[in-house]
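The listed protein sequences correspond, in order, to chains Z and F. Following our numbering, the numbering of the first sequence begins with 1 at its first residue and continues without gaps. Following our numbering, the numbering of the second sequence begins with 1001 at its first residue and continues without gaps.
Don't read these hints as lab results, they were simulated from the structure. Be aware that one or more of the hints could be misleading.
Stated by the list, open to error - In silico lysine-lysine, DSS-like type, Cα no more than 27 Å apart, as pairs:
{"no.": "1", "chain 1": "Z", "residue 1": "K145", "chain 2": "F", "residue 2": "K1194"}
{"no.": "2", "chain 1": "Z", "residue 1": "K619", "chain 2": "F", "residue 2": "K1248"}
{"no.": "3", "chain 1": "Z", "residue 1": "K176", "chain 2": "Z", "residue 2": "K231"}
{"no.": "4", "chain 1": "F", "residue 1": "K1021", "chain 2": "Z", "residue 2": "K58"}
{"no.": "5", "chain 1": "Z", "residue 1": "K58", "chain 2": "F", "residue 2": "K1031"}
{"no.": "6", "chain 1": "F", "residue 1": "K1228", "chain 2": "Z", "residue 2": "K540"}
{"no.": "7", "chain 1": "F", "residue 1": "K1194", "chain 2": "Z", "residue 2": "K149"}
{"no.": "8", "chain 1": "F", "residue 1": "K1242", "chain 2": "F", "residue 2": "K1228"}
{"no.": "9", "chain 1": "F", "residue 1": "K1031", "chain 2": "F", "residue 2": "K1021"}
{"no.": "10", "chain 1": "Z", "residue 1": "K143", "chain 2": "F", "residue 2": "K1194"}
{"no.": "11", "chain 1": "Z", "residue 1": "K293", "chain 2": "Z", "residue 2": "K540"}
{"no.": "12", "chain 1": "Z", "residue 1": "K619", "chain 2": "F", "residue 2": "K1021"}
{"no.": "13", "chain 1": "Z", "residue 1": "K293", "chain 2": "F", "residue 2": "K1021"}
{"no.": "14", "chain 1": "Z", "residue 1": "K619", "chain 2": "F", "residue 2": "K1220"}
{"no.": "15", "chain 1": "F", "residue 1": "K1194", "chain 2": "Z", "residue 2": "K293"}
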Amino acid sequence: MRLVNNSLTMSLSKVCLSSLVGGNFLLVETDSNAIFTPEDISSDQRMMADTAARFMDKEVLPNIEALEQQDEGVTPRLFQMAGELGLLGMDVPPEFGGLGVGKTSLLGVEEQFTRLGGFGVTCGAHSGIGTLPLLYFGTEAQKEKYLSKLASGEWMGAYALTETGSGSDALAMRTKATLSADGTHYLLNGTKMWISNTAWAELFTVFAKVDGEHVTAFLVERRFPGVSFGKEEHKLGIKSSSTRRVTLEDARVPVENLLGGIGKGAYIAFNILNAGRFKLGAGALGAARESIKGAARYAMERQQFGRPLAGFGLIQEKLGEMAVRLFAGESAVYRTAGMMEAVFETGELVDSTTPPFPRGLEEFALECSIIKVSCSEILDDVADEALQIHGGYGYTEEFPPARVCRDSRINRIFEGTNEINRLFIPGLLLRRAQRGRLALVEAISRVEGELREISARPSDFEHRGSAGSGGVGSDLGQARSLVENAKRLVLHLFGLIHKKYGEKFSEEQEVVAILSDMIIDIYLAESALLRTAKALGRGKSAGVMADLAMAFVNDAAGRWEGLARKAFAVISEGDQLSQHLATLRSLMRWTPLNGVSIRRRIANRLCEVGSYPALVCLK
Amino acid sequence: MMKILVALKRVPDPDTRIRVKEGVLDLDGVKFAVNPFDAIALEQAIRMREQLGDVEVVVVSIGTGDCVEQLRLGLAMGADRALLISGAEAPDSLSVARILADVYRRERPDLVLMGKQAIDDDSNQAGQMLAALLGIGQATFVSKIELVDGRSSACCARETDGGIETITVRLPAVVTTDLRLNEPRYVSLPGIMKARKKPLEEIQLTDPTLKAPARTRVLKLESPPPRKAGIRVRTVDELVEKLRNEAKVI
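Make the full structure from the sequences, and use the hints.
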């Protein structure tokens, strides 16, 4: 393993493959062969997902009612069984009883757990934020003591950061840790709120301020003296998961249970949240797939006016749109998983904590936020439309959509609200640039130069528009160049906004969120196009995949334009605004595709094969 | 050491929606699985090994490289090694039986376990033909199996139309498995990791008699006609009238 401190990482990023640098997708064009896609899943990985699918079908889903009511013993029994099957320790190396497989292998399993939102939260919180702090920041002795228990599912893990008074502003926590007089223990005092898995967890990663100042992580066993738990919160959804307060009253935590060093808690908290956000996004895909399957089947069976709902345009539009958005989100998640796995595999470490932690955990913080925001919103919309397709039945508990809507809603709140994550994305680009880890400033000045040329010779930068083009390949090519122009647009805007507001940039939250939304659409659109191009390159005919990708880009074109107009109107007026709008027009030239017929085609094929995965597999 | 040979067939996943296009199966986008009856056979073999100890379980599949996926699943479930027999073109039941007979002569197993039929063509012939070609005993539709007489015979319960028939066959024999024999275990993730290191041998068919074209030919496939919408009758008399005059069943 190579040790890399922050200054070394700087020079290292220059020699790295450009796709392995977080945020770099916005500055450079990516080669389709360099990305990981769902079609690259190995047969072993598929087998793992199949085991999880069978476990859900046979053990978990038949027990929905008992799980949702939190009947005594049901969750622990199923959790333990998942552990025995090896589903809970995939990240953990074999020497600690796990599988030691990479991020791309986790996806298929995570997508299965979330077919029941609450159970998905239980398992996801355990193997994600419950286990990863120890895995990535623990000493050998700490891992020796606890890790194999977590990997096997013998113990459940939990993560306690939030407090009553500090949610998004997590570092304003009031929980304190004081070293005991004899120096053997820390005494923790405070209350943690909304802690998933509290009912069953044996090990909590708790954050507290040493001497009221230095945010520090501790491994706290359930049975340590001074640890107690509140009653179950009465939640809107994810009812099968446990959420309670954790109260620490002079809780005695041995000094050897301090994680990552005094004052290193923020590194742990935020970097673990990267992993949590990624996992949340991946999980949302599974729940969305399940919703689409239910909606498509219902639309086929339910007859009105003498034909199935699936025969009506407005239903087809919904089914088509669900598949289009899921395809884009899925493409982004798998692409990110591939990049994360590649960086983890380098073994590079960042020495900000003791012991140092893997660079793979922090490199793609921005992409993880994109995935968290986009996939949680995709799932919300998919769940909502699935309910709508079910009509009155959807509003009852007889059919799954009502529960899925409730379960889905939390995803926009936890692991950092979508608002916090939206602020985070441009902020992180800036920070990486300031630390010399991203050539953002250079890219912005390159774009400025190009735009000066545009205004001199506009025709050079127009792309041809899609009308009258020959074949799918060239359509995809035009979509790719539109995405490249969207990158120019967002970089241009970024430069203007930063110039105007300077250090107070982050106070202009509405404008920052516009940048974020544009960046999110760029990442998803590009991922969908690259995935399609990669599949085409392997001899697959374009069919359904090209429809899915092109429909997404076609709508994103309108969104980019609308968002940019809004932002330009905030930062400029009069002649200057007119000038900006002219730039916008020259960058965002796009002849709209017939989105109605594309979605009809997608919906018809979806209903024919009955599920989203089968739809995407079509040649 | 006892040796059990288990045949695994690659078939469309039972949960997949089967579509027929122009008289042939449309396999576009279809997911594949191990024939569920064969998975039951493999589960039985693994249980016998767990019970008896010194048993080797060998799985065999006939087909293209795609079948490696099903063989890996067999290894992940617990089989010790796998054989892929490639080079046969669309074999029918008799060709399958001939090829398996060849594998039998090579491997000399004490017991051949296989599903009573495959869920794709539902032929229900290969096991019977294999036993006949080899001149050894057979027990079909088996829902219970127990080794007796110092492992020299198998006592099998057969599910027949008339009820359960119990027979004893001398080993070596071919036993085909029915649904109620057992429930196959989960393929655990550590099992999948272990399977990567287990031997999987590919055998290319060279014997022209084994490569001979199938004697049966599928002329056409058709989807069953879609179910017509039901009607509501007001009275028993109306029901009787419709059953008699429209459905013509009474």
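query: Given the hinted pair K1228/F and K540/Z, is their alpha-carbon gap at most 27 Å?
result: violated (37 Å)
- prompt: Does the structure keep K293/Z and K540/Z at a Cα separation of 27 Å or less?
  reply: Within the cut-off at roughly 24 Å; holds.
- request: Could you grab the alpha-carbon distance between K176/Z and K231/Z and see if it respects the 27 Å cut-off?
  value: OK: K176/Z and K231/Z at ~23 Å, within 27 Å.
message: Check whether the Cα positions of K619/Z and K1220/F lie no farther apart than 27 Å.
response: holds (23 Å)
task: With a cut-off of 27 Å on the C-alpha distance, tell me whether K145/Z and K1194/F pass.
output: holds (25 Å)
K1021/F paired with K58/Z [C-alpha distance capped at 27 Å]: Answer violated: K1021/F to K58/Z is near 33 Å, above 27 Å.
query: Within a Cα-Cα threshold of 27 Å, do K1194/F and K293/Z meet the stated pairing?
result: violated (33 Å)
query: Are the Cα atoms of K1242/F and K1228/F separated by 27 Å or less?
result: Roughly 15 Å between the alpha carbons, so the hint for K1242/F and K1228/F holds.
- request: Sort out whether K1021/F lies within 27 Å of K619/Z, counting only the CA atoms.
  value: At roughly 15 Å apart (the allowed maximum being 27 Å), K1021/F and K619/Z satisfy the hint.
message: Against the 27 Å threshold, does the CA-CA distance of K1031/F and K1021/F hold or violate the hint?
response: holds (17 Å)
- prompt: Is the Cα-Cα distance between K619/Z and K1248/F 27 Å or less?
  reply: violated (46 Å)
message: Between the alpha carbons of K58/Z and K1031/F, is the straight-line distance 27 Å or under?
response: holds (19 Å)
Hints 2, 4, 6, 15 from the earlier list are contradicted by this structure; the remaining hints agree with it.
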